[in-house]
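For reference, the chains in residue letters:
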Amino acid sequence: MTQVLRQIVLLSGKDLRIEARSRQTLGLVAVLGVLIVVVLGLGLGPERVKSGMAATAVLWVAYLFGGVLCFEKTMAVERHDGALAGLMLAPIDRGVIYAGKLLSNLTLMLALALIVTPVAVVMFGFDLSAAPFGFAAIMAGGFVGFAAIGTLFAAAVSSTRSQGGLLAIVVFPVSLPLVIVSTQMMMRLFGEGEPLGAVGLTVLIAFDAVYLVVSWLVFELILEP
Amino acid sequence: MNTVKSKLCMAYWLVTASLFAGAVVMVFVWTPTEQTMGVVQKIFYLHLPVAINTFAACMVTFIASIGYLWQRRQVWDDLAVSSAKVAVLLCSIVLLTGMIWGHSAWGQWWTWSPRLTFSLVLWLLYVAYLVIRPSIESRQRRALVSAVYGVVAFLDVPLVYLSVKLMPDIHPSSIGLAPEMKTTLLFCFLPVTMLAVGLIAARYRLQRAETLSMQEAEDPPLDTIAADPAGGFT
Amino acid sequence: MTDVSAITAESIMPLADAVADTVSPAVRMRGLSKRYDERWVLRDITLDVPTGSYLALLGANGAGKSTLLHTLAMLSPATRGELSLFGESATRPSPTLRARLGMIGHQPMLYRDLSAVENLVFFGKLYGVSRPKQRAIDMLERVGLADRAQSVVKTFSRGMVQRLSIARALMHAPELLLADEPFSGLDVPSVQAVSALLAELHADGKTVILTNHDVRQSLELAQRVVVLGRGRVVSDRPVRDADVDDVTREVIG
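Residue numbers (this note's numbering), protein chains in the order written: chain A, 1 to 225; chain B, 226 to 459; chain C, 460 to 712.
Some hints could be false.
The calculated label-pair distances, taken between Cβ atoms and stated as ranges, are [unchecked claim]:
#: 1; chain 1: A; residue 1: E194; chain 2: B; residue 2: A434; range: 39 to 49 angstroms
#: 2; chain 1: B; residue 1: A246; chain 2: A; residue 2: P195; range: 56 to 66 angstroms
#: 3; chain 1: B; residue 1: M235; chain 2: C; residue 2: T550; range: 42 to 52 angstroms
#: 4; chain 1: C; residue 1: G587; chain 2: B; residue 2: R298; range: 33 to 43 angstroms
#: 5; chain 1: B; residue 1: V356; chain 2: A; residue 2: L10; range: 32 to 42 angstroms
#: 6; chain 1: A; residue 1: M1; chain 2: C; residue 2: S643; range: 38 to 48 angstroms
#: 7; chain 1: A; residue 1: V9; chain 2: B; residue 2: A427; range: 52 to 62 angstroms
Listed below are several chain A residues computed to face chain C (Cβ distance under 7 angstroms; list not exhaustive) [claimed, not checked]:
#: 8; residue: A90
#: 9; residue: G95
#: 10; residue: P225
Treat the hints as calculated values from the structure; they're not laboratory data. We put the beta carbon where it would ideally sit given N, CA and C, even for glycine.
Chain A with its partners taken away, still in its complex shape (with noise of 0.2 angstroms):
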């Protein structure tokens, strides 16, 4: 068990070193989610910006297209010169593979949430304060399954040549249950002032357990060098 999560931090380790190397995936993330923001607060207008309860769908917004971009970015550096082989090869389970993978991903897209969530924060007045840990559970449990899929898709989008966009066109719709699911919770937890239950939790606890489940299972099927 200690070597399976070594080797998971192992692997998530270089992801994150050659990110912290080359600087690409993040810096175009954080702006690309600072712009979304922007683009939707201006479009929205004052009043309805406003209202407050835009910005948690603004935000999904924003870590749904950064997300993308993440799990694409991480997954070609795999690609590139094949290095995907050479995990394929070594004497490590392909469910490892895929949850170093998978905790690159989330690792970025924390990164990106703690970037981007205070920007919208102040620019749409949001009050996160009302309910601090209720958001942070709900967006955690979003994120969860978002990456879940997301890196099992990029997995079996991925080639070395650019496929711009296709991967967004192939997860958006089938994340759109948690899409439904959170911001449905965000709206009682914020509109309405109804704490996050037990329900709640375990809605989105099931939620991210399936989709994990799913995409472990499928990733070692479709894994390629």
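Following the hints, put chains B and C in place on chain A, whose structure we already have.
Showing chains B and C alone in chain A's frame:
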């Protein structure tokens, strides 16, 4: 051999058509008209069987997708895309009939009621499936991505259902049905199911023919399929 | 620290195991077939590759050389037939079996944004090599890249990348080395360096299987040549019985 096959095919469609005719007669002549909704309620005899068959078609895509992931044979992909097309067609009917119903019941063509939203998301899921395919050039890659999508999309269906449940509801959950109504409803399943199966089979045959002609045209050199063609250190 | 491979293979291994290993060949294929779509790219291949031998796989483009090598590397499963490596079935390979195998591919399987030594240390850790850093430095010395250890791979020339790729494949001292076109795109000095490394491994008692385009070169390097054509074994003979023109004719088909 071929003539026997085409005769059987013909017979199948004739039976389906006559069952449809019978169903129409049953719905409009034999079954009593519902009191509050009037004639519009009769759309229900189409709506429900088509909705159930939509799920069935999605399930066929799901199973065929698993088949492809398991065996990597093109036939599975052909079946998956055929039933996905039928699923989209049937789901469109569900959406339309649902909207007509909603219009006469609540006076609005579209409401964000859970069931309508559910049908819409389901429809979007499978329309996306069909739209994505042409944008992937390599046939193997296309089949692979579609298969993964076919699996995840089907498992999404209950999740969508769960998530829309969080929305406020105005849809009729159960309606009291007269015995004749129940009989008619059950009877209506027959022609609709036969139509769905027949459409999938017909679409599958076309798809198969298309793939076979494509395969002959492509005929790639063997080693290039083994490794990703975009190899090499540049 | 001396070469780890020498320690595991010769001095530590008990005699009984050594005998068992000579009994079960490094690679054993029985009716190996592979289908892509509806096309059979490997058909009914039955071959034994004894431990410690040096085999060259020849064949025209599309004969199935790379596919066969990928199958042997357990990167993708065969559709039919049996494959065992060192007497262990390769259908559900154990991690220990994977660790006995190294591969040099068409592509270098390296991360271009990491330095030479970082790449080697990463792969060494994946294989659970003890003291990966020291091992990496030793390997870099062996392939003549010691002075570029800290440079990022994307600054390397094709020949240097190929040598680093060999160092990566040998980090964990594999007993079986698969090399897919290891000479393609290399200049003359690099070709000599790479072929010398392969010969050294063979002299160390390792099993080497390579695919190659160049018939003459293969006959100089290997002990045995197998020609593939349309996914089948066309011919299989020791190098001393092989004539360049005959083999070339078979390769062209």
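Hints violated by the structure (numbers, ascending): Violated: hints 1, 9.
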